[in-house]
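A.B. asks: Chains B and C: place on chain A using the hints.
One-letter residues, chain by chain:
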Amino acid sequence: MNISLSITKNIHEWLFSIMPEGVASITEMVLIAVVYLAVFAVAGLYLVLLERKVAAWFQLRIGPNRVGWWGLLQTMADALKLVSKELTGTEKADKFLYNLAPYFVIVSALMALAVFPFTQEFQAFDINIGVLFLMAISSIGVIGILVGGWSSNNKFALIGAMRSGVQTISYELSVGLSLLTMVLITGSLQLSEIVEVQKNGWLIVQGHIPAVIAFMIYMIAGTAETNRAPFDLIEAESELGAGFHTEYSGMKFAYFFLAEFINMFIIAAIATTVFFGGWLEPSWLTSLGIAEAFPAIGVVWFVGKTLVIVFLMMWFRWTFPRLRIDQILTLEWKYLLPLNLLNLVLMALIVWLNLTIQL
Amino acid sequence: METTTINNNFKSEEYFINMGPQHPATHGVLRLLLTIDGEIIKKVEPDLGYIHRSIEKMCERDSYQQIVHLTDRMDYLSSHINNEAVCLAVENALEIEVPERVKVIRTIIGELTRIASHTLWWGVMGMDVGALTTYFLGFRDRELINDIFEETCGARLTMNYNIPGGLMYDIHPNFVKRVKDFIAHFKTKLPEYDRLLTGNVIFQKRMKGVGILTKEDAISFGASGPVGRGSGYSCDVRKHHAYSALDKVNFKEVLRTEGDSLARYEVRVQEMWESMSIIEQLIDNIPEGDYKVATNAVIKLPKGEFYQKVEAARGELGVYIVSTGTKNPYRLKFRSPGFSNLSLLNHIAVGGKIGDLVASMATLDIVVPDIDR
Amino acid sequence: MTNEALQNLISSWIPELEFTEEGSQFLNITVQPEQLHQLMSQLKSDNETNFDYLFCLSGIDWGKELGVVYHLESTTHRHIVVIKVKTEDRENPTLDTVSNLWSTADFHEREVFDFFGIKFNNHPNLKRLFLTEDWDGFPLRKDYVDEINMVIK
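Which chain is which? The protein sequence lines are A, B and C, in order. Take the first sequence: its position 38, counting from 1, is numbered 38 in our numbering, and each next residue is one higher. Plus 1000 on top of the position in the second sequence (first one is 1) and you've got our numbering. Plus 2000 on top of the position in the third sequence (first one is 1) and you've got our numbering.
Everything labelled a hint here was simulated from the structure, so no lab data went into it. Careful: at least some of the hints might be erroneous.
Claimed, not checked - Just so you have them, the derived chain C footprint on chain B, three or more residues with Cβ under 8 Å:
#1 1049-1055
#2 1146-1155
#3 1214-1221
#4 1338-1348
Stated by the list, open to error - Output of the computed footprint for chain A on chain B, the stretches with three or more beta carbons under 8 Å from beta carbons of chain A:
#5 1123-1136
#6 1192-1203
#7 1280-1291
Heads up, the beta-carbon is just placed ideally off N, CA and C, and yes, glycines get one too.
Pulled out of the complex, with its shape left as it was, chain A reads as follows (with noise of 0.2 Å):
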């Protein structure tokens, strides 16, 4: 594992000077899992909030603003009354699938979080594969999706479920084939890699015409995936009350509202490091030296980034109406997927020809 900034390093040599090496190894990675567990519970409330809040700004009104000065603590209410809510179940439902499903959606959000790479060598786990990784993970999400839905004995709940896995499944080809053409550029799977090449400028910027149909692609096809509207029919409130969650209250359900948030975090931070240049500084901005001396602004970088792609995403869901469920595959399998196909030619054809923008 790569951890960086002298506190971790000095913890790491504290922790393998006082107990056998193995056992140092396993109170390490639990030591970094509780931290990012802790971060990111967190983080994700504040999401809700954000997203509270920006919606409220689209609809002319202002928002959660009692709780805490200018709302901040609201989510932690809300988290709260969750937590203490009983957990109800119907009769009929699967107990152990039942109970089985939140747990799969929320596990994998939590782990597509640890291969990001927040700043210079801070990053818990960098292995080569990085974008696959990260892509077989989200796969992992639909299965809490469709066993929630079956396990609920409930005819709406079966339709949101079935409706999703679809959806989620068709998606999914889009973000690889798009990520896999800006892959082309960086010749390595490896994040910390890829956001190393863009210190000759953004990949967006590298890839000029197929990157920003790529990032586009991305985009859409991200927002699919997060089941967030415009794509939203799963739980299209006014069409089948919630979806696959109808059944499940109390802590359950914040597992399944929590993920969608994370994951959403998950698909702006792709985005972020793949095509705009992870936690790296603008290029005009490297003669001021700041990066240089303090290499944990690595993370503002990267977590504004990304929140302004959070915020891209919240506009959509404020602005548009929703596809039926056939014009979704139809956008899906008849143009997304052939034109991601050309793209990675033509992105191909341009890395071949040495046409790409180096600054």
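C.D. replies: Just chains B and C now, with coordinates in the frame of chain A:
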């Protein structure tokens, strides 16, 4: 527990879903029994009566002034026009001629009510197809109209401003100015709404070619209002059987021929422009005069039968009074527009998907208390 | 067409009809239950009358008889006519349905059945519409008694 018998030819792949009575998309307490095969709808059967208050039976024991107060609980979004229907029926039966001032004010407030109802419909329509922001935009404008009504009539929803013989009070001195300000404001907003929803390609794909109703079917099912006009059936009561000051104004009857949901949507949006044009023609020249004509305290209609048609926001509202000369009607029947419009839901939704059903139902613009009375 | 011309044309089809214009704005025709469907289909299909829009179907309890009143309009000629039919049988009143001519009559006749008890022959789905299936009695009849729900002044 009530048992509902379903279609005898129930194949085993089909299944049976209940939409409502509490449901965000059914605009009131309406229960739809859907028989579905996968995603395709095979049969839609509405189950009514959840808000049946036996208004017609109550009318048989109430006096005519009291009946006016019952009418705006039926279609509460065009409450003024409902009141106007009963008042006109009574006035025509007694052969009372109301002053010009009353006619003009009734028309202006009726058209404002129509705009308020269509704005709310637009907001809810967007919400049903998924653009959740339109709900707030629609209500924002409706609140402005409600403020105008509150100042003049005293109420925001159930207006009760009409009485047989005229109006309850004269209009507030601020009325003319506030209406003009509202029209100026709304004229800048409607094009914005068009860009947001009407021009959006996702919206067009959801509505084009969905829920097609031919002109012959529209006439046979008794469709009226924007539902009929979206199919090319010219049914505007304001043109064919004009009442109050409507024969003195110039306006176009908006017709479209495609008969799909997008056509009905466009008819309503265009009707808002036409209503604004009617108000503009009348607002500057409200004639001076009395705001009511004195009638007896106890109104007795002569023996006979009387029918009055008006154009409510939803379609043609009819009031049919059978009187035997006493102070209560012998029989009073309301021909409600939503009742006939709902009966064609099965016809247009079969063969489509659930998403299409929601979109079509939103363009039919039904208000369930109007149907159940 | 004017009321007089309508009266002449329609009386030439079925002689036993009663025509009146007193006490109403429109031409009223009273027809016997046996000839109801024949008159209705002819009114709809004949080119000079062409009554294709049934805009109101009401049930009425006339005290001794039960009846139905149909308001018909033509979308091409724009004339209106009112058809009335009465039946003296209060135990088991039956009339012919017109829902095969105008589809709007489907729901309207269910409403009349619900409130007055009049059954319609050949109706596709004659069930109660507003009240629950096990409701006893027909509320809009004049002799309906219900101590709990009715408030009489």
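A.B. asks: Determine for every hint whether it applies to the structure shown.
C.D. replies: Hint-by-hint comparison with the structure:
| no. | hint | in the structure |
| --- | --- | --- |
| 1 | 1049-1055 | holds (count 3) |
| 2 | 1146-1155 | violated (count 0) |
| 3 | 1214-1221 | holds (count 4) |
| 4 | 1338-1348 | holds (count 6) |
| 5 | 1123-1136 | holds (count 10) |
| 6 | 1192-1203 | holds (count 5) |
| 7 | 1280-1291 | violated (count 0) |
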